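Protein chains in written order, with the numbering used here: chain A, 1 to 75; chain B, 1 to 377; chain C, 1 to 338.
Just so you know, the hints here were simulated from the structure itself, not pulled from any lab data.
One or more of the hints may lead you astray.
[Stated by the list, open to error] Some, not all, of what chain B presents toward chain A, calculated at C-beta under 7 angstroms: (1) 1; (2) 197; (3) 200; (4) 252; (5) 256.
[What the hints assert, rightly or not] Cut-off 25 angstroms, straight-line C-alpha distance, at most; resulting in silico cross-link-like pairs (DMTMM-like, lysine to aspartate or glutamate): (6) B/360 <-> B/51; (7) B/360 <-> C/20; (8) B/255 <-> A/70; (9) B/360 <-> C/289; (10) B/360 <-> A/70; (11) C/31 <-> C/106; (12) B/26 <-> A/16; (13) B/255 <-> B/186; (14) C/31 <-> C/20; (15) B/336 <-> C/332; (16) B/11 <-> C/265; (17) C/154 <-> C/289.
Predicted, not measured: the structure shown is a model, and the values here were computed from it.
By construction, the Cβ of each residue, glycine as well, lies at the ideal position given by its N, Cα and C atoms.
What follows is the residue order along each chain.
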Amino acid sequence: MCVAVPCKLVEINGMEGIAESGGARFNVRLDLIDEPRVGNYVLVHAGFAIQQMDEETARETLALLAEAMEDDGGA
Amino acid sequence: MEALEQIRNPKLARALLAEVRALADKLGRPQTFMEVCGTHSHVIARCGLREALGGAVRLVSGPGCPVCVTSVGEIDAAIALARTPNTIVCTFGDMMRVPGSESSLAAERAAGAQVRVIYSPMEAVELARRKRGARVALIAVGFETTAPAIACAARAALEGGVNNFAIMCSHKLIPPALDALLASGEVALDGLICPGHVSTVIGSRAYEELSRRHGVPCVVAGFEPADVLLALRLLLRQRLEGRAEVENAYGRAVKPEGNVRAQEAMAEVFEPCDAQWRGLGTIPQSGLRLREKYAELCALRQAGIEVKPGREHPACHCGEVLRGVLRPAECPVFGKACTPERPLGPCMVSSEGACAAEYKYGRLRAKAAEKVGASDG
Amino acid sequence: MAEERTITLAHGGGGRQSRELVVEHFLNLGKKTDPRDLDDAAVLEAPAGRLAFTTDSFVVTPRFFPGGNIGKLAVFGTVNDLAAMGARPVALSVGLVIEEGLAASEVARVAEAVAQACAEAGVAVVTGDTKVVERGAADGLFINTSGIGAVHPKARLSGRNARPGDVVIVSGPVGDHGIAIMAARNELAGLSGLSSDSAPLTELAFALLDAAGEAVHVLRDPTRGGLAAALNEIALQAEVAIALDEDAIPVSEATRGACELLGLDPLYLACEGRLVACVAQRAAERALEALRALALGAQARAIGEVLEGPAGLVSLRTALGVERVLDMPSGEHLPRIC
Numbered sequence: 001m002c003v004a005v006p007c008k009l010v011e012i013n014g015m016e017g018i019a020e021s022g023g024a025r026f027n028v029r030l031d032l033i034d035e036p037r038v039g040n041y042v043l044v045h046a047g048f049a050i051q052q053m054d055e056e057t058a059r060e061t062l063a064l065l066a067e068a069m070e071d072d073g074g075a
Numbered sequence: 001m002e003a004l005e006q007i008r009n010p011k012l013a014r015a016l017l018a019e020v021r022a023l024a025d026k027l028g029r030p031q032t033f034m035e036v037c038g039t040h041s042h043v044i045a046r047c048g049l050r051e052a053l054g055g056a057v058r059l060v061s062g063p064g065c066p067v068c069v070t071s072v073g074e075i076d077a078a079i080a081l082a083r084t085p086n087t088i089v090c091t092f093g094d095m096m097r098v099p100g101s102e103s104s105l106a107a108e109r110a111a112g113a114q115v116r117v118i119y120s121p122m123e124a125v126e127l128a129r130r131k132r133g134a135r136v137a138l139i140a141v142g143f144e145t146t147a148p149a150i151a152c153a154a155r156a157a158l159e160g161g162v163n164n165f166a167i168m169c170s171h172k173l174i175p176p177a178l179d180a181l182l183a184s185g186e187v188a189l190d191g192l193i194c195p196g197h198v199s200t201v202i203g204s205r206a207y208e209e210l211s212r213r214h215g216v217p218c219v220v221a222g223f224e225p226a227d228v229l230l231a232l233r234l235l236l237r238q239r240l241e242g243r244a245e246v247e248n249a250y251g252r253a254v255k256p257e258g259n260v261r262a263q264e265a266m267a268e269v270f271e272p273c274d275a276q277w278r279g280l281g282t283i284p285q286s287g288l289r290l291r292e293k294y295a296e297l298c299a300l301r302q303a304g305i306e307v308k309p310g311r312e313h314p315a316c317h318c319g320e321v322l323r324g325v326l327r328p329a330e331c332p333v334f335g336k337a338c339t340p341e342r343p344l345g346p347c348m349v350s351s352e353g354a355c356a357a358e359y360k361y362g363r364l365r366a367k368a369a370e371k372v373g374a375s376d377g
Numbered sequence: 001m002a003e004e005r006t007i008t009l010a011h012g013g014g015g016r017q018s019r020e021l022v023v024e025h026f027l028n029l030g031k032k033t034d035p036r037d038l039d040d041a042a043v044l045e046a047p048a049g050r051l052a053f054t055t056d057s058f059v060v061t062p063r064f065f066p067g068g069n070i071g072k073l074a075v076f077g078t079v080n081d082l083a084a085m086g087a088r089p090v091a092l093s094v095g096l097v098i099e100e101g102l103a104a105s106e107v108a109r110v111a112e113a114v115a116q117a118c119a120e121a122g123v124a125v126v127t128g129d130t131k132v133v134e135r136g137a138a139d140g141l142f143i144n145t146s147g148i149g150a151v152h153p154k155a156r157l158s159g160r161n162a163r164p165g166d167v168v169i170v171s172g173p174v175g176d177h178g179i180a181i182m183a184a185r186n187e188l189a190g191l192s193g194l195s196s197d198s199a200p201l202t203e204l205a206f207a208l209l210d211a212a213g214e215a216v217h218v219l220r221d222p223t224r225g226g227l228a229a230a231l232n233e234i235a236l237q238a239e240v241a242i243a244l245d246e247d248a249i250p251v252s253e254a255t256r257g258a259c260e261l262l263g264l265d266p267l268y269l270a271c272e273g274r275l276v277a278c279v280a281q282r283a284a285e286r287a288l289e290a291l292r293a294l295a296l297g298a299q300a301r302a303i304g305e306v307l308e309g310p311a312g313l314v315s316l317r318t319a320l321g322v323e324r325v326l327d328m329p330s331g332e333h334l335p336r337i338c
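The following block holds chain A by itself, in its conformation from the complex:
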């Protein structure tokens, strides 16, 4: 029920930040994030970052998904 998109944090000004997705830049609130870092990816919903995304877990997920391709002979 929630349109939320991973975007890259490119600027931080206190509770406000600028995030970027494919070259489009927009305002994002950081009130709900512990220790936001420029360069990290955040999940943005209704103009608020609701989570910093974990790159390592993303890669693990990718590996899990890719298992299907090995089993399938890469169809």
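Put chains B and C on the given structure of chain A with help from the hints.
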């Protein structure tokens, strides 16, 4: 992030699809899973997952569309706010065309009411700062994903002395609704695809009690087609192995404990209350209301408006669709009296409502069947 | 500080102020007009062959936005409707309706924009009209443009001409204008980095027609309602089906990112500088090459094909290899959070 891009690779989804179909065939009978979240319904319809899965897996849409489960009475109250003099109503786009007893926010705007579509609740606070002479009322609809953002807007308004900003609080909570749904036993479910972004806030642990009490496998899923298929793989494996537990397939965005800061923001501004869900009736402690400290922000109290029981269209079966009892195509008015142009109920209006998704994306089967001269059930 | 000059009802009254307005702003729109030649109508040499004739009105707000403005849209919009019929623009008219109280500098800005667009499109405004209405009766400024064009001798273009077997081609990424306008109009999320694709399509259209002639069956510029609306209209006109490959449809990264953020679908958002074409299969390769040889068509792609039926149905093959309907857009396309 490279990994995020890779997860979108269509080859992955196709390979997973083949695997999921193979897994499903191993079970003796077709499996029924409910995707709770409206955004999942949208993704599933958009990529044609129901068709692609074939008969071994049946996906049922659940009540996770906040706009769909908002009662007619609440929509009428929002409309009453829009008709109040000197009031600017701010709303997410989703709510604009949902029919109340006789009107909608979009119709009110066409008739001259001040209704603005916003993307972020902060835009409503900014508007209130700029337009001091008017009351700016934010219609706060949504589940635990959205409530923390609204809470921050409420805090910002109170701290900033923006005393012409108000909130009509209509938030609802997912776990109590799931509990009620599972307890009713109306639809036999083999598992739940749990909402990804609600879980970002409340954590994957939030479903453990439910899963245990009702013996239902639960997997938290992300929103790429591959993510949903991964969740199906995990659900089917649980079924094959006779397990009923909570698994998190959206680890990159969901932690077991969720987002504690967001939970704290919600808890500071809101407290649970009983809430009326369209199609599910009143569910105890399943809604949010403003705490005493923030009660002065209550738009309905300020405008002297009460939520009264509204009048659903007599031919509308949205309640049964929301409970997963009826599939959109099984609703007697689907595509006939009820279409996106002339919706009788919210399921056809909300872009993620099961009926809107089915209408928009699913009609190909019917057309193809027409062409062949067969009739499709 | 000098008081800002504004447009008054007198400027629409047909008297001295009207003439002053025209002389100050409207005599150099693509070609210089001598004030002594201000007559009731323009008289032109008729071009040989068939004439195309079109009209459009422009009411966009904000009037100036990233990648374009109302003046540019007014010129290119009409030029592009002519291009969709295989016509090179010969002359334009401009009719303005101005709201009383609009700053004169705004009118000057718009006129300058029209002049620049005319120069880029290679056409002039040869006749026009200005009315001023009371405050509140118009939203600042409305423009109507009409245009006549000379049709390419090999052009046999109509939505009705789409035939089973035709290849559907789009000249570049879709949805850029629609999302740029939405972001600019509503200040949604403080979005920046988006730009309208507003551009004249005459050269693209002629390159196609030169390369593939009568094998080009349909040309359309997908404005309101985007690619989905344009293709649904063609499918209805020709009573055919259109099957698209979702992966093949070009969308720019910025547009995709912004649409995902706001819950919008780029296939339903307007373009102002793209052509959609239905081309007989035998000529499809040539057609793509001709488009790609021009900067504006560098990202041209084949995105699908025309089929026998079901008549009027436009479908998309998704990443899972399944087909779903791409419906005619209905109602306002709104941002959503759910």
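task = Compare the structure with the hints numbered earlier in the document and write down the numbers of the violated ones, lowest to highest.
result = 5, 7, 8, 9, 10, 12 and 13
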